[in-house]
Each structure stands twice: as structure tokens, then as C-alpha cells.
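J.: Once you've looked at the hints, dock chain B against the given chain A.
2 protein chains.
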Amino acid sequence: MRLTIIGFGIVGQSFAKLILDRASELYSVYGVNPRIVACVDTKGVAISPGGLDLRRLLDIKKTKGTVGGYDPEGYKIREGSIAEQIDCEVMLELTPTNLQNGEPGISNIVAAMRSGKHVITVNKGPLALAFPSLMELADYNNVMLRFSGTVGGGTPILEFAKKCLKGDKITSFKGILNGTTNYILTKMEEGLAFETALKDAQNRGIAEALPHLDTDGYDAAAKVSIVANWVMGMKKTICDVDRIGIAGVTLKDIEEARKRHNAIKLIGVAEQKKLSVKPTEVSKMDPICVNGTLNAVTFSSEHSGQQTIIGRGAGGVETASSVLRDLIEIKNTIYEI
Amino acid sequence: MRLTIIGFGIVGQSFAKLILDRASELYSVYGVNPRIVACVDTKGVAISPGGLDLRRLLDIKKTKGTVGGYDPEGYKIREGSIAEQIDCEVMLELTPTNLQNGEPGISNIVAAMRSGKHVITVNKGPLALAFPSLMELADYNNVMLRFSGTVGGGTPILEFAKKCLKGDKITSFKGILNGTTNYILTKMEEGLAFETALKDAQNRGIAEALPHLDTDGYDAAAKVSIVANWVMGMKKTICDVDRIGIAGVTLKDIEEARKRHNAIKLIGVAEQKKLSVKPTEVSKMDPICVNGTLNAVTFSSEHSGQQTIIGRGAGGVETASSVLRDLIEIKNTIYEI
Numbered sequence: 001m002r003l004t005i006i007g008f009g010i011v012g013q014s015f016a017k018l019i020l021d022r023a024s025e026l027y028s029v030y031g032v033n034p035r036i037v038a039c040v041d042t043k044g045v046a047i048s049p050g051g052l053d054l055r056r057l058l059d060i061k062k063t064k065g066t067v068g069g070y071d072p073e074g075y076k077i078r079e080g081s082i083a084e085q086i087d088c089e090v091m092l093e094l095t096p097t098n099l100q101n102g103e104p105g106i107s108n109i110v111a112a113m114r115s116g117k118h119v120i121t122v123n124k125g126p127l128a129l130a131f132p133s134l135m136e137l138a139d140y141n142n143v144m145l146r147f148s149g150t151v152g153g154g155t156p157i158l159e160f161a162k163k164c165l166k167g168d169k170i171t172s173f174k175g176i177l178n179g180t181t182n183y184i185l186t187k188m189e190e191g192l193a194f195e196t197a198l199k200d201a202q203n204r205g206i207a208e209a210l211p212h213l214d215t216d217g218y219d220a221a222a223k224v225s226i227v228a229n230w231v232m233g234m235k236k237t238i239c240d241v242d243r244i245g246i247a248g249v250t251l252k253d254i255e256e257a258r259k260r261h262n263a264i265k266l267i268g269v270a271e272q273k274k275l276s277v278k279p280t281e282v283s284k285m286d287p288i289c290v291n292g293t294l295n296a297v298t299f300s301s302e303h304s305g306q307q308t309i310i311g312r313g314a315g316g317v318e319t320a321s322s323v324l325r326d327l328i329e330i331k332n333t334i335y336e337i
Numbered sequence: 338m339r340l341t342i343i344g345f346g347i348v349g350q351s352f353a354k355l356i357l358d359r360a361s362e363l364y365s366v367y368g369v370n371p372r373i374v375a376c377v378d379t380k381g382v383a384i385s386p387g388g389l390d391l392r393r394l395l396d397i398k399k400t401k402g403t404v405g406g407y408d409p410e411g412y413k414i415r416e417g418s419i420a421e422q423i424d425c426e427v428m429l430e431l432t433p434t435n436l437q438n439g440e441p442g443i444s445n446i447v448a449a450m451r452s453g454k455h456v457i458t459v460n461k462g463p464l465a466l467a468f469p470s471l472m473e474l475a476d477y478n479n480v481m482l483r484f485s486g487t488v489g490g491g492t493p494i495l496e497f498a499k500k501c502l503k504g505d506k507i508t509s510f511k512g513i514l515n516g517t518t519n520y521i522l523t524k525m526e527e528g529l530a531f532e533t534a535l536k537d538a539q540n541r542g543i544a545e546a547l548p549h550l551d552t553d554g555y556d557a558a559a560k561v562s563i564v565a566n567w568v569m570g571m572k573k574t575i576c577d578v579d580r581i582g583i584a585g586v587t588l589k590d591i592e593e594a595r596k597r598h599n600a601i602k603l604i605g606v607a608e609q610k611k612l613s614v615k616p617t618e619v620s621k622m623d624p625i626c627v628n629g630t631l632n633a634v635t636f637s638s639e640h641s642g643q644q645t646i647i648g649r650g651a652g653g654v655e656t657a658s659s660v661l662r663d664l665i666e667i668k669n670t671i672y673e674i
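For the protein sequence lines, the chains are A and B, in the order given.
Sequence positions in the first sequence follow the working numbering and run 1 to 337.
Sequence positions in the second sequence follow the working numbering and run 338 to 674.
Same shape as in the complex, but just chain A (with noise of 0.2 Å):
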């Protein structure tokens, strides 16, 4: 199975080191055998038809900077969309997150996917832009588009919904779906202000020096809204979702809640076709009330009642997990095909 990587950052490397190590598991227990015929960074471009040498390309990744320097005599690569023009059946889109206007994103999953190329992708700013158009084109073009990266980290929240409920129906779900402000929020309940427990996240790498993604719910609110279209067939973007960022919360706010036993956390909801995502106050008895950088999700089901996954919502080599399960899904997919 031939793949194209297109953005080589944290997630990429993992996912490269992961196949790279497990090889030969993947190869006998999933029928798995991943060739990345070429990958894309900012700065360059390594391709190999008949695959690139890993090790080879992690190094000159690490000593360089870019992946630009695999071929010495450098690789010329025609105007216009590297997704369209390599061979290959699956495409990884794994560029940072834009929720401004999903670029580079979209463009390079709707390339790939009008020349035929299945797409796994762990950027949310696609999906949280355009899920139901995305989904309507890999339709069109009998392709899948797989995402389990976007939501939950390593944390299979989207498979779980979509594969363990079968034969029931998902009514609601809530969740935290953000491990930045549920560190933050955490840090608060300890007795930090906000502006001292972001410093502290920054610190430890837990925040973006630019931190108002998080903070004003707009990461949270693109995973709402990918869960509601995944999980629960609405048809919604992130525009739609009623948006609170959790930079108003104070600690008397905080306090008043313990007092009551109960705790402020950045609750993103999904019921009767609403999407919010507010600094919400919930029991500390509920499942979902969890602490540090984890994100935990409780789905309403209309026969198996009410069930929460919980785990870490992030990290790279957690991510580039999900990209290899979506793979193996693919594949058995095509197989069944």
C-alpha cells in the first residue's frame, strides 16, 4: 500500500517510526504494508516510488530541518498540487491545524481525493470548515476519508461512538474535548489565577504561546462539531456551535462550585441538534469530570444508556496510533471491496 505523508511535523515522524518498528507485525497480523512513496514538508519534497527509506528520511528530517534534502539531485515537481500528481492509494494529510479557512488542508484532501486516493487526516480545520461537503466528494469519488486523529488524540472517541454502539441511536453527547483548558481549569481549582495556570501550561508545553484556540473554545467547538457529523449525522460546521472560552472563568467562580461539590470544566455538548461548547459546572461525581489534560466524553444512547471514554486527548505518538488504525481500516475496507 503505497502513501503519500503530506506534513512532516510531530505527528508525521511518530507515525514514519511507528511503521518502521512494527513492520513486520503489521504485515502479518493486519496484512498491512506501507510504502510512503513521498513526503511533503514546507521546504521540500522526498519521493520514491518504490518507497523511501525511513531511517533515511527521520535523519535528514532531524540534521536538516526539511525532508527536502532525501534526493541529492533534488526532485522537480510539476505546478500545481503534489496530492494529485504522486501514485499512490492513500494520502496522509497531516499539515497544521487552520480553522481560519482550512488551508492548506482542504486543498490538498480534495485533490487527493478527485484523483482517487483515500485520505487520512489528523487536521480538524478541514473537517471542522466543510465535514459534510468533504464527505459528500469522497462519496463522488468512492473514496474514504478517515479521521480519527482530529478528535481525542490517541483516544479512539470516534471509532468508539460509530462501532461499539451499533444498533443503537446516539442522542446526546458531552464531553471535554480539550486538554489545554482542562489543565488550565485544574490548575485553577489548585488555587492558581488564569493568567499564572496558562504561564504554567505554556511552560510545560501544554499551551501554544498563542493560546486562544484553546481558550476560547474554538479547538473544542471544531471537535464538536466533527463528533455531531460523524457520530450523529448532523450536517454542521463550526459556525454553528454556541461558543464560550473559559478566559471569564474566575476562582470565585471556582470556588463557589466546590462548595456545592461540583467543578468548572469546558463542557462541550451536542443535543437536539445544539452545539456548544461552555465553561460549564458539573458534578464531581460525573464520569466526565476528570482532571489534568485529559478529555473524557459521555454518550447518551437510546438502549445501552450512558457510556464515557476517557484518555489522553493528545501527543504525537498517540495520534500517529490513530493514523495507523484508520489505515488498517482502509485497508480492510479495500479488501472487502
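Simulated from the structure, these hints should not be mistaken for laboratory data.
All figures in this text were calculated on a predicted structure; none of them were measured in a lab.
Any given hint could be a false lead.
Only some residues are given here: those of chain B computed to face chain A with a beta carbon under 7 Å [claimed, not checked]:
no., residue
1, Leu395
2, Arg451
3, Ser452
4, Glu496
5, Gly642
6, Thr645
7, Ile646
8, Gly653
9, Glu655
10, Ile665
We treat Cβ as the ideally placed atom computed from N, Cα and C, and that holds for glycine.
T.: Just chain B now, with coordinates in the frame of chain A:
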């Protein structure tokens, strides 16, 4: 798809109601058209090769206490196993759990598989005592044996581990697998003595009149052995589980644990080929530290870290929904072949 139900208690009746209520959806969404052609309880048999009228079956069970009155002429069945004699694709083995020798479950399951029928069971006995050999027999006869309802009731703990963590290797799990003991321990944390908490659970229908299967940890041990076999490929039985019940837990132990911000829970563990069920001190910050009748299991996997799944562990409707999930899976697999 023709089904035979053996054992028509709460789960069996809930299942009949479920497919009665959702017949059109099951057909349109999942392509499943279940017809119950035979139903057996301890006192009688109802048979109709064209499919039993479920409304009448449920009425007769309710008014007469047995399905035996369904056919006024009575149905004569030859000596021997009904599981072999009825012509159908899937047998639902829903008789009560017997952890002594697994009967009548084991005989029913073996007879059904030998005569080429797929089997769905919610009966822990046969699996806890003979998982490896039953799976071998299923393979040999080229039929499927499914048992989602044996662990977690409506909470898809087994499916989660098997389907959502594909491509990864589960290295260990730990969790609360018995709702009754969790309820008792939760009440003890509120200050009730063991005996009083047990009485309370019995009054609410959470504990049985003879509660030792729960309180001595047999039920949890059965589930640990089932998960270890199915998810981690261990070939173990309930006899291999190192087991201590909760009868020896005192209020003083619980108070001591509380001072360390911990709680005492009956935790089942599978790790490095060892299985155990024991009262264990766990941090209140640990996601598996849930209260009341909830179940919670944390799976640790090589690459995607730790994931916890939480839900109610029992209930007729919830367990019936797990039988339906198994049925849809069997249908999908048959269809693929």
C-alpha cells in the same frame, strides 16, 4: 435470519421487545430481519418455523410464567438437545450464569455450534470455565460465538478493546467489573457497615438474596478471565484468577484510605499473564474510581496510552442491546463471506 432463544428471563424478554419495537429500523439500517423461530424456558417451548408472534409470546410469558402455552396443542420435541433440533442460523443462549460447571449453558452452546449455528450468549459460566475450548470449537465448526453482554452489560467493553484499539497491542487492563460490590463499597464510604450496605443493595434489587457470587469476587473474576482471553489472547479460566472478595473490607480500612485521598474498590487486573480480583486502594483522581453501580475499565496499550471506558454494568434492556449488537455483527460477517 432465524433465531432460537434459550432462556427467556429479563434479557430474553427485553430482546424480544427491542426487535419488536425496532423491526423496520433494523431492516432498513442494518439489513437485519430477525425471526424468532423457537423460544425455550425452564417450563416449556414455543416453536413456529415462520417466526413466533412476539407480542403473543411476551403476553403468554407474562400471564402464565412460561412460553409453553404459546401453541395450544403443545409442541412435541424429541429427546435430546433442542439446540440441535431447531432449524435456525443463530442461537441466543440466555440461561442464568452457573460458575460451578457452566450448565446448561455449555451443553446448549456446544450442541448449537456442532450443528452449525452461530451463538450469542450473555452467560458468563461457559466462557469463564471453558473459553479456549469453546473458541476452538467455534473455529472448527466455522461459526461465530459472541458474548458482548457477559462483560459490562450494555457498556461495550469487549468491543472497545477489540475494535477501537486495532493496530495496537493491549498490554494490561484493570477495572471495576462488578456493579453490586461497587455499590456496597460506595455505601460503606458513606459510613454504612458491610452488612447494612449489603442489605440496602438487596432491598434495591442490586444484590441477589445469595450475594456471595458478587461479594466473594466470583462474578468479577469470571469477567476478568473473559476479557483476558478475548482481548489479550491469554488462555485462562476463572480458576486462574487470584481472588479476594470484599467481605473483609472494614470501615476503618476505608477511612484510612480516604485520608490518603483514595478509595477502596474491588479491582480486577490482568497484567503479565497474571489475573487477579482484589479490594485495592485507588486514587480518587484515577478515572476508574467511579461510584454507585458503575463499571469502569482502563486498558493500557503499547502506543495509544491508557483509555478508560465507563458505564452501567447491568440492566435487562442494556444487556439486550448488546445481544442485538452481536447479532448485527454476525449478520455483517456472514454477508461478507
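J.: For each hint, tell me whether it holds in the structure or not.
T.: Going down the list of hints, with the structure as the test:
1. Leu395: Not OK, violated: B/Leu395 not within 7 Å of chain A, min 17 Å.
2. Arg451: 28 Å, violated
3. Ser452: 26 Å, violated
4. Glu496: 4 Å, holds
5. Gly642: 5 Å, holds
6. Thr645: 4 Å, holds
7. Ile646: 5 Å, holds
8. Gly653: 11 Å, violated
9. Glu655: 5 Å, holds
10. Ile665: Given a least distance of 5 Å, the restraint on B/Ile665 holds.
Of the numbered hints given earlier, the model fails hints 1, 2, 3 and 8; all others are met.
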